[in-house]
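Going down the list, the sequences are from chains H and P.
Throughout the first sequence, residue numbering follows my numbering, covering 1 to 276 in sequence.
Throughout the second sequence, residue numbering follows my numbering, covering 277 to 659 in sequence.
None of these hints come from the bench; they were simulated from the model.
Here the structure is a predicted model, which means the values were calculated and not measured.
We put the beta carbon where it would ideally sit given N, CA and C, even for glycine.
One thing to keep in mind: the hints can contain errors.
[As the list claims (entries may be wrong)] Think about it this way: if two alpha-carbon atoms lie no more than 30 Å apart in a straight line, the pair counts; the simulated DSBU-like pairs of lysine-lysine are:
id, chain 1, residue 1, chain 2, residue 2
1, H, 129, P, 509
2, P, 583, P, 283
3, H, 148, P, 286
4, H, 129, H, 98
5, H, 148, P, 509
6, H, 129, H, 148
7, P, 286, P, 644
8, P, 509, H, 98
9, H, 149, H, 129
10, P, 509, H, 152
11, P, 644, P, 283
12, H, 149, H, 98
13, H, 152, H, 98
14, H, 40, P, 436
15, H, 152, P, 286
16, H, 98, H, 40
17, H, 98, H, 148
18, P, 583, H, 148
19, H, 149, P, 509
20, P, 436, H, 34
21, P, 509, P, 583
[Claimed, not checked] One side of the interface only, derived from the structure: several residues of chain H facing chain P at Cβ under 10 Å:
id, residue
22, 72
23, 94
24, 95
25, 104
26, 109
27, 115
28, 123
29, 137
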Amino acid sequence: MVGREVIFHIDKKEVSEVREVVLDLRSVNADNDKGLPALKDVSFQIRGGEILGIAGVAGNGQTELAEVITGLRPVIEGQVIFLGQDLTNRPPLTFIRKGVAHVPGDRLGVGLAGNLPVSDNLIMKAFRKRPISNGPFLSRGSIGSFSKKLIKAFDVMTPSIETPARNLSGGNQQKAILGREITSGDRAGGDYAPLLVAVYPSRGLDVGAIEAVRTAVLEQRQNGAAILLISEDLEELMTISDRIAVLHGGEVMGVVEPADIDIEELGLMMAGERRQ
Amino acid sequence: MLPFSFKFEKRLEPSRLASILVPVLSLLLAFLFGAALLAVIGANPGQTYQAMLAGAIGTPAQWQDGQFYNMTELLVKAVPIILTGLSVSVAFRMLFWNIGAEGQLVMGGIATAAVALFFPSALPFIPESPWIYIPLMFVAAILAGAAWALIPALLKAYLKVNEIITTLMFNYIAILWYQFLFTTAWKDPEGFGFPGSALIPEYTWIPRISGRLHWGLLLAIAAAFVVWVIMDKTRWGYEIRLIGENARAANYAGVSIIRNIILVMILSGGLAGLAGFVEVTAISHRLQHGLAVGYGFTGIIVAWLAKLNPWGVVIVSILLSALLVGGEQIQITMGLPASVSLVLQGAILLFVLGGDVFTRYRLRMIRKAPTAVVAESPSVQEA
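Could you put together the complete structure from these sequences and hints?
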């Protein structure tokens with residue numbers, strides 16, 4: 001289907017050294033769009049070079065969790081600490097500036113403006129920075145070279161950078177979003193985002209694209225980024241996460257290491273069974 | 277059964293040929309439709325259109341005599357329409373439905389007149405020079421239009437009040453205020469009882485180029501340039517486009533929607549206010565009937581026909597004012613109601629917007645594969 005053998009056993013190198021805590025959630029409570037509690041006392045930490053998988057049946061607070069960490073949803077109680085700084089209830093722009101990358105679950109609803117050209121979509125996070133913007137003005141030349149660079153680096157298949165983003169296949173849309181997000185950080189010394197929040201990143205993609213997405217996520221881990229991976233694909237969570245937190249009814253049922261648990265047990269936790 | 281069928285499918289990329297051909301054909305269809313209507317009411321469509329054209333741009337005989345009255349009148353009408361069209365198009369670009377350009381225009385006109393009427397006596401130290409007064413009125417008109425647009429913007433941004441209703445209603449508040457001012461509060465005591473304010477001093481008038489055509493035309497074109505730069509070349513324009521295309525994505529990209537609603541409406545209201553400014557300082561020179569004649573609403577039609585493109589606004593405004601001026605003319609020469617031009621205006625809007633479907637979709641003929649006749653017809657077996 002992709003013209004070559006697909007390898008899902010991706011090399012996951014050990015990141016041995018203990019790195020700093022990138023994201024620290026302290027008893028976070030938040031409501032969903034209907035005003036009902038969606039997250040209840042959610043606490044966990046993610047360190048650099050670590051992938052924390054979030055397992056759970058869809059609608060148990062995953063989307064809300066991602067939105068809280070990216071500033072898109074107000075926190076009612078608790079704190080969101082990012083690299084030692086309290087960012088609770090700061091606007092989305094603050095999170096972007098600090099280097100929180102977000103691959104949203106709803107590609108065309110949130111992640112892209114489908115009618116705008118691919119290039120306009122690729123600069124969504126970088127358009128405030130030089131060389132794309134020069135004071136109040138945008139540089140068309142820089143937008144072109146920036147877009148072409150991203151398209152090449154992340155293997156996005158598109159007829160041109162002027163093509164409306166909605167005309168790309170799901171896999172290419174996702175690769176474009178991923179490329180944009182990963183390179184959106186502007187932390188001194190590194191060109192990666194220190195935190196990547198990926199919500200159902202491989203949902204609905206073909207096998208070739210799934211592999212590309214997983215490889216990119218693991219590459220970020222290698223670079224030292226902290227990664228929050230929300231997925232419904234248990235196999236994906238088991239293969240690439242370092243730890244898995246299970247969400248049920250907006251509560252963390254427990255945090256486990258993939259080696260210590262099998263899929264059946266994980267399923268029980270997703271149904272609401274607690275584990276220490 | 278036909279051996280082929282038709283399918284209406286979305287174009288992957290907008291076709292360049294269709295984007296030129298379709299509007300032209302739509303325009304022709306609209307005029308054909310108008311011709312049919314004219315025929316129904318018993319007028320000769322050919323003669324009527326000819327009279328409209330002559331009314332809009334004059335005749336070669338007139339040009340030889342050096343008379344360009346019609347053409348300058350056409351441009352005089354186009355100036356406020358360009359400004360309101362730009363005003364509406366910047367707001368529409370982020371899907372903020374500003375239906376209130378008419379009211380913002382009126383407020384701009386009131387502010388312009390207020391500066392010209394009351395500043396000389398209240399603030400006598402300001403030199404009575406056009407170099408001082410015209411910029412003063414210019415700024416006052418922008419501020420007044422922006423302020424009038426700001427109220428619905430704040431209501432929308434912070435309380436989610438539907439802007440279509442508030443901007444529409446604010447038109448009537450503005451118009452009634454303006455009528456109160458020129459019929460009562462600011463009525464010229466030496467005006468022989470006619471409704472209208474006193475004439476504004478001559479040094480506050482925008483000079484004229486030819487006929488009634490004034491330098492406000494240059495202002496309108498400069499405004500189109502500024503809007504084009506903002507929308508096409510700046511970060512702000514990018515943010516506005518992003519909000520218009522997908523507000524959730526814009527929010528996700530860190531673009532503040534509240535801030536942009538406020539800023540865009542200040543720009544939109546300011547542009548409409550400028551339309552009031554040119555109408556008062558260059559045409560009427562006082563507050564009187566004839567300021568709120570629907571330029572704000574024509575601006576909405578212009579913005580749509582121009583697909584929110586600022587240079588398109590300039591061209592469409594000139595075409596629509598040709599229709600309006602030509603329409604006035606057929607009243608005189610053909611004895612037809614001037615509303616014929618309004619009907620045509622409506623038909624153009626309908627056909628051009630309807631035809632737009634063909635720039636985004638295409639009709640494709642699909643041949644059907646020949647089906648096996650044998651299985652379907654038992655008669656073959658019998659034979």
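Here's how the hints hold up against the structure:
no. : hint           : result
1   : H:129 to P:509 : holds, 15 Å
2   : P:583 to P:283 : holds, 27 Å
3   : H:148 to P:286 : holds, 27 Å
4   : H:129 to H:98  : holds, 13 Å
5   : H:148 to P:509 : holds, 20 Å
6   : H:129 to H:148 : holds, 17 Å
7   : P:286 to P:644 : holds, 20 Å
8   : P:509 to H:98  : holds, 27 Å
9   : H:149 to H:129 : holds, 16 Å
10  : P:509 to H:152 : holds, 25 Å
11  : P:644 to P:283 : holds, 12 Å
12  : H:149 to H:98  : holds, 23 Å
13  : H:152 to H:98  : holds, 26 Å
14  : H:40 to P:436  : holds, 29 Å
15  : H:152 to P:286 : holds, 28 Å
16  : H:98 to H:40   : holds, 26 Å
17  : H:98 to H:148  : holds, 25 Å
18  : P:583 to H:148 : holds, 29 Å
19  : H:149 to P:509 : holds, 21 Å
20  : P:436 to H:34  : holds, 17 Å
21  : P:509 to P:583 : holds, 18 Å
22  : 72             : holds, 6 Å
23  : 94             : holds, 8 Å
24  : 95             : holds, 8 Å
25  : 104            : holds, 6 Å
26  : 109            : holds, 6 Å
27  : 115            : holds, 5 Å
28  : 123            : holds, 8 Å
29  : 137            : holds, 6 Å
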